[in-house]
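Please model the complete structure; the sequences and the hints are all you need to start from.
Those protein sequence lines, which keep their order, are chains V and S.
Mapping of the first sequence onto this note's numbering: position 99 corresponds to residue 99, and the numbering continues sequentially without gaps.
Mapping of the second sequence onto this note's numbering: position 15 corresponds to residue 1015, and the numbering continues sequentially without gaps.
Warning: the hint list may mix true and false statements.
Listed next, the in silico DSS-like pairs over lysine-lysine satisfying Cα-Cα at most 30 Å (straight line) [said to hold, decoys possible]:
1) V:K248 - S:K1068
2) V:K468 - S:K1398
3) V:K490 - S:K1132
4) V:K305 - S:K1101
5) S:K1068 - V:K490
6) S:K1020 - V:K117
7) S:K1101 - V:K486
8) S:K1158 - V:K486
9) S:K1356 - V:K486
10) V:K23 - V:K68
11) S:K1020 - V:K486
12) V:K490 - S:K1398
13) V:K147 - S:K1068
What the hints contain is simulated information worked out from the structure, not anything from laboratory work.
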Amino acid sequence: MSERVELAHNAVGRAVPTMVNGKPQIPFLGAGKYQPRARKAAPAICSNKDYPDSGDKRVADLETALRKCGLRDGMVISTHHHLRDGDKVALMALDAAARIGVKDLMWFPSASFPSQKSAIELMEKGVIHHIEGSMNGPLGDYCTQGKMRGMGVLRSHGGRYQAIQDGEVHVDVAVIAAPTADFFGNADGSHGKSACGSLGFALADSTYADRVIVVTDNLVRFPCVPWQIQGNNVDFVVEVETIGDPAKIVSGTTQITRSPDRLRIAELVAQFLRAAGIMKNGFSFQAGAGGIALAFVQYLKLMMKQDGVKARFVRGGSTKVLVELLQEGLTDYILDGQTFDLDGVKSMANDPRHVATSPFISYNYHGKGNFASLVDAVVLGATEVDVNFNANVVTHSDGRLLHGIGGWQNCLFAGCTVLALPSFRDRIPVIVDEVTTMTGPGEMIDVVVTERGIAINPRRMDLLDAVKGSNLPVRPIQDIKAEVEKICGKPVRPKLGDRPCAVVKWVDGTVLDTVWQVS
Amino acid sequence: MSSAVETASPRFAEAGHWGKEVRSDVHVGFEARDSGGVEISLESRVAPYYGTAILEQTREVLGELGVKHARVAIHDEGALPFIIAARIEAAARRAGIALGKRSLPQQHPLRAPSQKDRLRRSRLYLPGSEPKYYINASLHGPDAVILDLEDSVHRGEKDAARILVRNTLRTVDFGSCERMVRINQLPLGLEDLAEVVGESPDLILIPKVEEPEQVREVDRMIGEIKARNGIIRSIWIMPILESALGIENAFAVATASENVAALTIGLEDYTSDLGVVKTAEGHESQYARSRVVNAARAAGVQAIDSVFSDVADMDGLRRWGEASRAAGFEGMGCIHPGQIRVIHEAFQPTAVEIEKARKVVTAFEEAQNKGLSVVSLGSKMIDPPVVQRALKLVERAKAMGVIS
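See below:
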């Protein structure tokens, strides 16, 4: 990619490419400012006469299925990350594509994981042209070293749905890993030896892709009940020995932190929600699967018991900690987008109050409302936050890709967005003058909680007033930053390259920031 | 392998730690040379942000130590500047260079000196060779932090630890925590004093005290260093009694110097001296603990309890703390920040006690206003010691933030 890239400055002053992978882009205009007026994209019309009356859509293997789907050079192939780092299906599909001999595919995963690093070889061989989806570890380095032929596009879970509905990304073939399925293609995630809980990430692809392949290692007799993926959206069913490594399907992220400093942060978050009056009967909240977020739920739970407060619903990613809330009657429902541990998987399979939802109903910009904005408080992490409350979750301070966006951007729409983070990591301050990569604009971020104090966004006078008179360590964000710089010294800002290698999309599809090639 | 010929050749030493599991520390390899100037190599996980600063700091520290010729290899794991300085100094000294010289980092302004009778419910132990715990220790709200040079520091690391503790006292803001140092058993402890007293710790703990003379020896040395450095603020002493003989001499030890502010007990060593098993209930040390409380009270100093070593057992800790307070102790040690809150709650007077004490105080104040020498509450006359106790309890409850 040697051609010059045109750059424009968006509403938050970031230089972003006006063209990405041959498609014109709209620079970020401000939250809620961009509203496209057109009709949503739609899959091609199909006719059921093309499908067997017996309902049996099984074919011998993935290679056969991909051939029958008409996979050819330059197409878009999608996979999903509900099996997390244990997924085997994405590489199985891409390897099968390589054997067929197609080139220049765009791989469109809902997220990629370190175990999929051999995708690099497929890029080197020309099978994959580029990736649009989260990249970290070796894949992230490959991208930020400028080795990928196309530009990386990082989208939130909701943004991925939006891109499909806007027609920005047209999925030619979707390959869905299914822990349980029948021959018709009905599929479910909460049962089977590779059970993972929700299949929510695959829902958009199952309805919008031209061709859909379900791959399962637990074929049951029709009907597969419940079905999260509807068989009448599915073209082919492939049975394989195993779709994933169960040990890695549920990740290690569900360990509650034992670091006293992080526990302090978690407790401060819970105390803040209580002092601000957010923790009250019928409230709702969402917490991620990070160590601090999980510990926060533990503290909040104690306070809810003390105050006799019950939540109406909590939003997953579900974990053991949330499941316990449900079982102890401290929440009426878990509305779950993904499932992080086995307790979550079991609960979803057995408890009707533990509901599987998709990014469409909770996160999608083109939905008629989102669950995410109904949530009273959300507790998230970040790698950096700046004095204007802008935050970064995708890159290290040195510009290397670190995380995908996940549901992070979508969660910012909650009533109160709290970032819980240590004020420095390994001597590197977390509060900076300007974030390396903007992933969330400061106008959407309300509170930053560190072990050295709580900073409330001056835009939220209501929150500042609500906690006035509490004994919480509420301080201006500049104050905490100055204290940390006194301890650590002011760091030198690493020099980033001037060649874009990926873009960060906002939830509406506009370009929020650029990830620059690392020298 | 040493020989007379080799003494002129490069001498190598090292200090600090590095590796994948190490956080907030640094390893310094130091090769003293006779010529060739200073040569520095740096590997750091924070190199893009602080590489230049670390190199600059290294040159500065070497300059202060008077090092002209050396090869210095630094492996940094995100250590803060005061840690880097301490490790370089330790490595240089170990290489036989810069003896008698110090590189003192910029000082954080000292807080007000501590009062002899201040609140000492909890003291958080910070191992003298684990710098990663220092910077956030005070955020967990203990009444005191105790930088430990004794049991938590390996014998071969004592020299490096005392330099690190010195720099920590000098630069880390411990907020409203009292800054304590546990030195080693004498005579090694005297070398610790030589390094740390100049940084005005608030209190020195002396381990394994058996005779009052040991306290006096420490007190004398503290006095000398204070005089040499022009330090006028108090540096209190807390002797630790850890043997049968020490317990027998409790009163003499507590009264050995007017700088003794508290007396405490070390149960691990005490029980092993007795040849009994240390239990969670602690019946075997009941006599010794009572003796410490009694001696401390008789000497007019605080009695402080030992530590509770099972960090996972919060219920056991609470029971221990409550019994400890009931027995007359005013605080105990913590080996994990998670223990602090439980200890504070255990050492907090109950609502009933506070209410009763407040009534007595009110009656006392009324009597004072009326010019009466006898304090009475209802139909009961209140003895002066009861009044004194009530006054102290109310004052303590205020200091603990239980009442305003």
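Hints versus structure:
Pair hint K248 (chain V) plus K1068 (chain S) does not hold up; C-alpha atoms about 55 Å apart against a cutoff of 30 Å. The straight-line distance between the Cα atoms of K468 (chain V) and K1398 (chain S) is roughly 22 Å, inside the 30 Å bound, and the hint therefore holds. Between K490 (chain V) and K1132 (chain S) the CA atoms are separated by roughly 19 Å; this keeps the pair inside 30 Å, and the hint holds. A C-alpha spacing of about 59 Å is found between K305 (chain V) and K1101 (chain S), which places the hinted pair above 30 Å, so the restraint is violated.
Under the criterion of a C-alpha separation no larger than 30 Å, the hint pairing K1068 (chain S) with K490 (chain V) is consistent with the structure, at around 29 Å. A threshold of 30 Å between alpha carbons decides the hint, and for K1020 (chain S) with K117 (chain V) the separation of about 23 Å falls inside it, so the pair holds. For the given pair, K1101 (chain S) sits about 26 Å from K486 (chain V) by alpha-carbon distance, which is consistent with the 30 Å threshold. Only pairs whose Cα atoms come within 30 Å are accepted, and K1158 (chain S) paired with K486 (chain V) is accepted, the gap being roughly 29 Å.
Of the supplied pair hints, the one linking K1356 (chain S) and K486 (chain V) is violated, its CA atoms being roughly 47 Å apart against a limit of 30 Å. Between K23 (chain V) and K68 (chain V), the direct Cα distance comes to roughly 29 Å. Compliance with the 30 Å bound is thereby established for this hinted pair. Straight-line distance between C-alpha atoms of K1020 (chain S) and K486 (chain V) comes to about 26 Å, which keeps the hinted pair within the 30 Å bound. For the suggested pair K490 (chain V) and K1398 (chain S), the alpha carbons sit about 40 Å apart, so the restraint of at most 30 Å is broken.
Our distance criterion of 30 Å between C-alpha atoms is broken by K147 (chain V) and K1068 (chain S), whose separation comes to about 46 Å.
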